[in-house]
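*Asks:* Note that the protein sequences, when read in sequence, are chains C and L.
Just so you know, we're using the working numbering here: the first sequence kicks off at 2 and counts up by one.
Just so you know, we're using the working numbering here: the second sequence kicks off at 185 and counts up by one.
A hint or two may mislead.
Computed cross-link-like contacts, DSS-like style, restricted to lysine-lysine with a CA-CA straight-line distance of at most 25 angstroms [as the list claims (entries may be wrong)]:
1. L:287 with C:668
2. C:579 with L:450
3. C:242 with C:45
Partial chain C-side listing against chain L, Cβ under 7 angstroms, derived [what the hints assert, rightly or not]:
4. 597
5. 598
6. 687
7. 724
8. 726
9. 730
Calculated from the structure, these hints are not laboratory results.
We treat Cβ as the ideally placed atom computed from N, Cα and C, and that holds for glycine.
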Amino acid sequence: MLKTVTGVSERIERLRQNYVNTKPSICYERARLYTESHKRTEGKSVILRRAEAFHDFCAKFEVRIFEDELIVGTAGRFRRTGILTPEYSWKWVDKEMDTFPTRPQDPYLITPDQCATIRSEIFPYWHGKSLEEHFLAALPEETARIAVDTGIIDNDSKWRQAVGEITPDYEGHLFVKGYGGILKDAEEKLAALDYLNAEDIDRIDFYKATILSAKAIILLANRYADLAEGMAAEEQDDARKAELLEIARVCRRVPEYPPQSFHEATQFIWFVQLGGIITENPLALNPGRFDQFMYPYYAADMDSGKLDKAGAKELIHALWLKYSEWVWTISENTTGYFAGYNQFQNLTVGGKKRDGSDATNELTYLCLEATDEVRTHQPGLSVRVQSDCPQEFLYAVTDLVSKGTGFPAIHNDQAGTQMLLQAGYEPEDARDWNNCGCVVPHFRQTGQWTSAVNVNFAAAMEYALNEGKSRLTGEKMGLDAKPLASYASYQEIEDATFEQVGNLIHHSVVSTVIAQKLHAEMVPRPFLSTCIGHCLEEGRDLSRGGAKYNVGPVLTGIGLAVVANSLAVIKKLVFEDKVTTLAELDAAMNADWEGHDALRTKALAVVKYGNDDDYVDAIARDLANYYYRKTRAYKDNFGSPFNSAFMGISNYIPTGRIVGATPCGRKATKPITEGVSPYAGSDVKSPLAAMRSSAKMNHDVHTGGTLLNLRLSEDLVSTPKGKRDLGSIIRAYFSLGAFHVQFNTLSTDVLRKAQKNPEDYKDLLVRVAGYSTQFVNLSPEMQEAIIARSAHGSY
Amino acid sequence: MAATDKAKDGTMGTVLQMQDYSIHDGDGVRTTIFLAGCGLRCQWCANPESWTQHRKLAYHAHKCRGCQSCRTVCPEGLDPAAGDFDATRCTFCGDCVAACPEKALQLACEQMDADAIMEQIRRDEIFFRHSGGGVTFSGGEPFVQHQFLRSLMAGCERLGVSVWVETCGFFKWEACQDLMAGIDHIFFDIKHMDSESHRRFTGQGNETILDNAKRIHASGVPMTIRIPLIAEVNLEENNLEATARFMRDHLPGSRIELLPYHELGKAKYSAFRMADSFHSFTTPTEAQTAVAYSIFDRYQIERYQ
């Protein structure tokens, strides 16, 4: 049996064991109820059809309360449920669901009977109706060939999936009004509209959809209340009976009315999350600044004696488990980019208040402790560290780092605010930022595609060096380029590489604006639009720009370090030292370095990004600046400029698979690099040098976020001095203008043991890239990539 | 200027390694600079390549995959991977090191410019500033290259970087006494209070060392006395009592740190072809270390934290 953890109640430990030991299962109830509903509503506007389908689900789904639960509600029949959303895409599910249980990354349980039912009763209705089909039909051929399941530019999470990427506004909207209030507001707005005004027609449908959605979530909560009362009547155990009655009372109140206690607020959050999951199967539906908007309820309950710390902790633990139990159902291709059953629900603590004063409070610390205690992979815990933050807070942060869970993601508060100002936010809102997904600075009244496209820089370089062709397939994928041997100078090669990056940016933008247009037409978001007050004010859906801020989509560059390292090798060995020729280098790469060991040794010896050497770091900085300028020059369908980012996710592995050998010494198909991190294993000097290299990128202009992952030997943070010193290092790194850093502090030894005996290490969390997940839930390839990251030890 | 002149005026010296993010060598985050050369030959030494300042070629057999790249490139026709490698014929040109794809070969005791070291310190300074750290000079015995140390310390002073030193105490006081004013803290080894035992295990008696300890103390530099705790050498109560008394009588206010013996340096002896000089000792148990500390507690000598 798995080791138990300390600091959690027996109940939480039982819930935790269930979470760790249960494989997620697909439940098709949501897809079945949505399909039946849509058959009935043909001809109505799409936003109303979606809202009616949600209402049908809330009215008909057989709700369950599981043993030991304090916070209730699931999107399917299982505690660990994945759902299907055929209105977005059903084709990949049709193609892949038979291998769901056996695929290497993120398998789901599904029976052949379930598959048969899905194929006969659900999917036929959606033929020709899904977002995926419309998107693929609309995409121009020249973009499609590099953008669909290629690893070159990848945005399938925006046409096989819903967007997610929202932070519900609890503080200023949901907790103030409750869904009863939202319902009343929508009814008043609706009453003032007139079909005779052409512009009112869409708004009438919007408000009708809002009313349906609000009624639906209130109905769902009351059905849980009914169930809890029924179960209480049967319950023999007095303590559990009392709990069930309290659950019933809470579900009668929230989310219809504003919460009046910490428990009610917690359940409210979960119902909102559940509404988001049911309607969209979303990525990155962020809790946001939990320690801020929950604090008033915590403080009031503590003052009145209604709650003690242990009770608050138990509710937090229960919520953390809820965030972790459900799974984001994704394709095998997407699992390459977002591995580890991750839902990217980012919860941010610390930082500053809107007025600029210190925001840390008791709840901030409880969140950090809870993440250590319950060891769940969700929520993604982020901290904002400001230059004048309390030393105790920074110590609590590095103490959590020392536990080796990869949490928290550590962010420079000032850089985050700066990024939001640069993106056009008002100063108070810019100070009130939270993270979206992994490392995107965000704000709760925002509509944005924060992870719109992954752009493979290494592929772009390959096309510059290989006559526009993929080295692995020989297919022409990039712009025309001349044979490598005919380049006359280093600068010419650098320019050609940047130009190919520019071409990928262009196709990324094309692919994104087409998807954006289809989203506005086909997949409105009536439920999540209830979470942003501005949508309600304007009578406009999120997908049509209803939020207060509509920030441009984020393009994530992948492989910055591989490209900088490779260009440095060409510059040094070919043009400066003249120890090789372009022709020889070309032959070596075509041979995947086989038979070119001596040259490869020389290539590996050229200084690599991450060692604080301007020779190569300057190339990375120039490429990053080019990427920013080029990306920023495009505008999306709402007129907002696109944003650049160097964030993580697990995208450096699938993007590497399609790139042949690179001049830096990397072999074909091996992983490339994530964010602004060095190539795994090549930051040989120290984490401090890696930080100084990373800080040379102008983080504040990459408004989609930047990411640096480092591994630290665990003995560097095993003592109070080590923890304090790491805090100082973080402060120093942030004083250089950098935005994010995150540490894995597990020894290679422990990871090897976990590979050998996965049964004993089921709850071992590691940082993948911008998020943490269970090490044993990663494919062997991913595990090796994690182990390959340099572990920096002290001397 | 010829290299020998540079060594004389301290603008160049022999460095084993510069290690940033050192957290066990003084306050805060420090960059430790290991300077080569030492007059002691401690049998438990974990850095035997630091005994002399001349260049050396290490061969890490466990990394070697036998590709023979090194033999192919050697201008002297030597085989650095061979058991009978003749170091006297090696010119330490480094060609084999560059050619080795497995990083199985390594040059030690490189000549470095003081300017290059200062440039690295300048880069690390941002991390010192936030942590209260600085530079720690270690070795070898850092006072052996006192001219070089002097110019590096002058550079640190210009940057406002704190300087700590780790010394074995065996150095010429007259040549180094002017440096004391620039040192913020000294870790000072006392390996044995009995001079004969000291000579048996380290090659030298302890008279100079104990004198230097008193002189440093008199010059006002805060001190931490370190004892490499080794069962066969210095663990007996009499010796530890004598050390504590010496500290009480001559070094009041200094602190104590006991460093239990480890064998992490063992692989270096074979890599540098010094296996004959390797001695194995016994690591004291945690209980023995605790007892040793309690002796210093009795003398009200504070532990270094």
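*Asks:* Of the numbered hints stated previously, which ones are contradicted by the structure, given in increasing order?
*Replies:* Of the numbered hints given earlier, those the structure breaks are 2, 3, 4, 7, listed in rising order.
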